[in-house]
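With the hints as constraints, model all of the structure from the sequences given.
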Amino acid sequence: MQIDLIQGTLDMLVLKALARGSMHGYGIARWLESTTDDVLRVEEGSLYPALHRLARRELVETEWGYSENNRRAKYYALTAEGRKHLRQERATWARFVEAVAKVMAV
Amino acid sequence: MKRRDEYARLRRLLGRDALRDEVRDEFEYHLSARVEEYMGSGMTRAEALEEALKRMGDLERYRRETQAIDAQVAGAHRRREYFDGVRRESRQAIRSLVRNPVFALVAVITLALGLGSTGSIWALLDGVVLRPLPYPSPERLVWVSSYVSGGGSAGPWGLSSAGYFYYRANQRTLEDIAVYSPFPVNVSGDAEAERVDAVQVSGGLLPILGARPAVGRLFTEADDAPGAAGAVILSHAFWVRRYGSDRGIVGRTIELNTTPVEVVGVLAEGVQLPIGSADIWLTLHLNPAGPFQNAHYLNGIARLKAGETVETARRDLERLTSQFTQVYPEVYREAFMREYGFRVELHTLESEVLAGTAKTLWILLAAVGLVLVIAFVNVANLFFVRAEVRRRESSVRAALGAERRHLVWHWMVEALLITGMAAVAGILLAVGSIALIRRYSPGGIPRLDAVHPGGSLIAGVVVLAVIAGVVLGLLPQLKSGGGPAAVLREGGRGTSVSRKRQRVRQAMVATQIALAVTLLAAAGLLVRSFEHLRNVDPGFDPAGVLTMSLALPGVRYPDAASVAGYWEELTTRVESIPGVEKAGLVSSLPTEGGPCALVFVEDHPLPPGELAPCLTYYIASPGYFEAMGIAIDGRTPDWPDERSKTGAIVVSRGFADLYWKGETAQGRGIKPNNPGEPWYRIVGVTGQVRTTGLDAPAGVAVYYPITAIPGASLWGVRRGMSMVVKVQSGPVLALLPAIRRVVADLDSDVPLANITTMESILAGSIARRTFAMMLLAIAAAMALLLSAVGIYGVVSYVVGQRRGEIGIRMALGARAASVSRMVIVQSLRIALAGVAIGLILAVIVTRTLSSLLFEVSPSDPATLLTVSLVLIGITTIASWAPARRAAAVDPLEVMRTE
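Line by line, the protein sequences give chains A and B. The first sequence begins at 0 in numbering that gives the first Met the number 0 and counts up one residue at a time. The second sequence begins at 0 in numbering that gives the first Met the number 0 and counts up one residue at a time.
FYI, nobody ran anything at the bench for these hints, they're computed from the structure. This one's a predicted model, so the numbers in the text were calculated from it and none came from an experiment. For glycine and all other residues, C-beta sits at the position ideal for the given N, C-alpha and C. Take these hints with a grain of salt, some might be off.
[Claimed, not checked] Examples of chain B residues lying across from chain A (beta carbon under 8 Å, computed):
1) 20
2) 21
3) 26
4) 32
5) 33
6) 55
7) 56
8) 69
9) 72
10) 219
11) 222
[As the list claims (entries may be wrong)] Some chain A residues flagged as far from chain B (calculated, every beta-carbon gap over 10 Å):
12) 60
13) 90
14) 103
Structural data, given as structure tokens:
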């Protein structure tokens, strides 16, 4: 069974993916797939607007490079600002989950 | 089938021809990586692609979304970079102007002259001509007058009271029609006696003008009724000045010519007569029951009904005019209508107020516009030269990567800075000139007090400055062809500047000269007209003549004897002042014209059914002709003649020639008004006196005495006269205190007014011409100066560019004299081309001046020749210094540096 992504969490997931190092769009898709055991339903096309938006906010920086199989691919990496942003997002998310859990436990 | 569709779609989406951008590359990589992955797990290529696309979602939408984000980022980046460039180039431009203050100063001053003069005339035109008259719906106000084209006079007359009443009662196209008649009164009773301008109006006038009272009320029809007590309304300005804005004045009584009248209201601020001005407004008390006279002294103003035009109203009133002979047979006889070509005339009030002013001001605007063009061409030349000098600089910068559009900005900012400063200076200049023009109010220009340097001035100058700036900013770009590499290849050698560029510059100078010739010709024609006018023999001698008007209170001087007694005593006492040569009185001064009266001539009886002619007349006291320096054939009446009512009169030479050409006029009898009265006897004939203005021929005139002879009905008792005092020597106005003392000693209740010299009255009669001439002369002088600067600049530049060539010539044996001759001849060729074009322009343009010219043809050969010679002379002088520099070129030095 697959679940839809909660609105607004894609940016956070992408930033989290990049926290491990620079990656191209396909790599991020693969990472999400393997990390969540393919539970989250993300339309892969939507990664790209999200990535370019993050680039515009200068949370990520981009560079063209070559993939494992030696093909031209665009790599994304966190900036210092992006790292800071990810930390804030993570804290907000934790509080959100805690609150929702409390409500659901009642 | 479906799969093939998918393939086709993918090709379309990702096809190399369709999408060549990074976003496509990203998606392409993603899809192909997925496809490979799936194929690795055993799918066919088609299945793998389908699965990959499914995982992708709406590919097309995401691609577009991503591209839009990129486009935004790129746009923001470009803008930032562009504005950085603009900022950088602007800073550079400002710095380069600061480094080059002479260039900046010359350009700013030159343009400021052009912008300032254009701005000031524009403001004048806007205030005087373009602004509607200060009345509600002014376009519906019309001026109604009579017009005659026979009987010894041609031109507009006023309305008669009979005509006014008949029009008012029977017209169908007007909301209302009203008449007024201005005259001066003495105000007294509450403070110092004072002579002020007053106007008598019929009841409808103020409502037609849309006037509102500030205090009190307007006139009612009852106020205007014949025999009513009368009422006074004060102008706002007079109320503030004399009564200190006291609202209590309404209801009080003031004395006008010593008759008490009640003040019923004060007009709102700014309400005035359309022509002239009045401080006191009174009612006319015309009687609709008559008796009526053939006297046309009323100014008529009407307001058209909505939807009616001047044309429909004219037809309406023409219909009524044609009925005059039946309605008023005793006033308007068939013979009179026929002989005088009597008709009604209507035109808009605005055209009556502006008369020839609009045309004069448009001509002046065109003139200063030409000055602006000449100034602009000079500055454009400065920019060209500067652009060329700096071509290397900008080429180096372009080669070093400065973008072309940034360099465009460099020039633009420089040009706009210059024209911006010129606009500010020009506006200040215009404000100053408008203040000057208003202060020395030239006369002949109505509504000058409506001229305020304001929004329209600023808007006009700023618009012109921005246009000039943009054009100046673009000019250097047009010429910097060839690209940076070509310029750099040229190296420092000036000889390779193309001939074409020199020719453009020479054409610009020729244009300047042509425009200067046109302006100078126009100014020259006006100057010559002015000279002719000054040389006209007016028939009197204005030098050393002082004039002033006096009016006697009717209560103190109730009859002809007391009035004549006062006038005699006054002139006798004034003549006893040391320095006074002669004093006399007259009903209206030369150049001001006069009313007309019927004349019957003793030995020229009228054929039955024919009317006596209406001829201009004056009332003149003994001493008047001597004081005014009017030559007399025969003798002039003296005070004994007045006292014993001998009826001795003087007529003009024109009058004498009309009836007794070649014979003597002395002793002949004439009489005014009624055939039954006794005869006046001619004792003297004046020379040709220009009674209605210097530009009008000497007319036919009769000078009656102050006191009518027994049994004759002159025009009542003459209480208002102008005194004319001839001063022996020295400043004319120096005797004024003594004269004032004499007047005050004689009767302190008689006020003096309109004290001036005959010379200034004469100047006033040609004021509009003088005004136009002076401004055109200033414009022409500026044009001349600017053209000279332009010629000098261009010739210097060309000499500088041709140093190499000149050096070679001199090395080959050319002498210095022939080199400078070559330079001068070359500039003269340009000047001759300019002069030729200018003369053609001048002949076309000066036709529009003909109404301002006097005894000069618009294509007066002497003027055009003089102007051409002046321009050629100026060209020679302006190219003298550069020619000398050319002759001083040292061939060896040139060889070394080239």
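Status of each hint after checking the structure:
At its closest, the beta carbon of residue 20 (chain B) sits 12 Å from a beta carbon of chain A; the interface hint therefore is violated under the 8 Å criterion. About 7 Å separates the beta-carbon of residue 21 (chain B) from the nearest beta-carbon of chain A, less than 8 Å, and the hint is met. Interface hint at residue 26 (chain B): satisfied, since its Cβ lies 7 Å from the closest Cβ of chain A, which is below the 8 Å cut-off. The criterion of a C-beta within 8 Å of any C-beta in chain A is met by residue 32 (chain B), whose closest approach is roughly 5 Å, and the hint holds.
Using the Cβ-Cβ criterion of 8 Å, the hint placing residue 33 (chain B) at the interface with chain A is satisfied: the shortest such distance is roughly 7 Å. Taking 8 Å as the C-beta contact cut-off toward chain A, the hint placing residue 55 (chain B) at the interface holds, the least distance being around 4 Å. About 3 Å separates the beta-carbon of residue 56 (chain B) from the nearest beta-carbon of chain A, less than 8 Å, and the hint is met. Interface restraint check: residue 69 (chain B) against chain A, minimum CB-CB distance 6 Å, threshold 8 Å, status holds.
Given the 8 Å rule on beta carbons, the hint for residue 72 (chain B) holds: about 5 Å separates it from the nearest Cβ of chain A. Checking residue 219 (chain B) against chain A by beta carbon gives a least distance of about 80 Å; that is not within 8 Å, so the hint is violated. With its C-beta approaching chain A no nearer than about 82 Å, residue 222 (chain B) sits outside the 8 Å limit, and its interface hint is violated. Every beta carbon of chain B lies more than 10 Å from that of residue 60 (chain A), the smallest distance being close to 13 Å; the non-interface claim holds.
At roughly 27 Å, the least C-beta separation between residue 90 (chain A) and chain B is larger than 10 Å, which holds for a residue marked as non-interface. At roughly 30 Å from the closest C-beta of chain B, the C-beta of residue 103 (chain A) stays outside 10 Å, upholding its exclusion from the interface.
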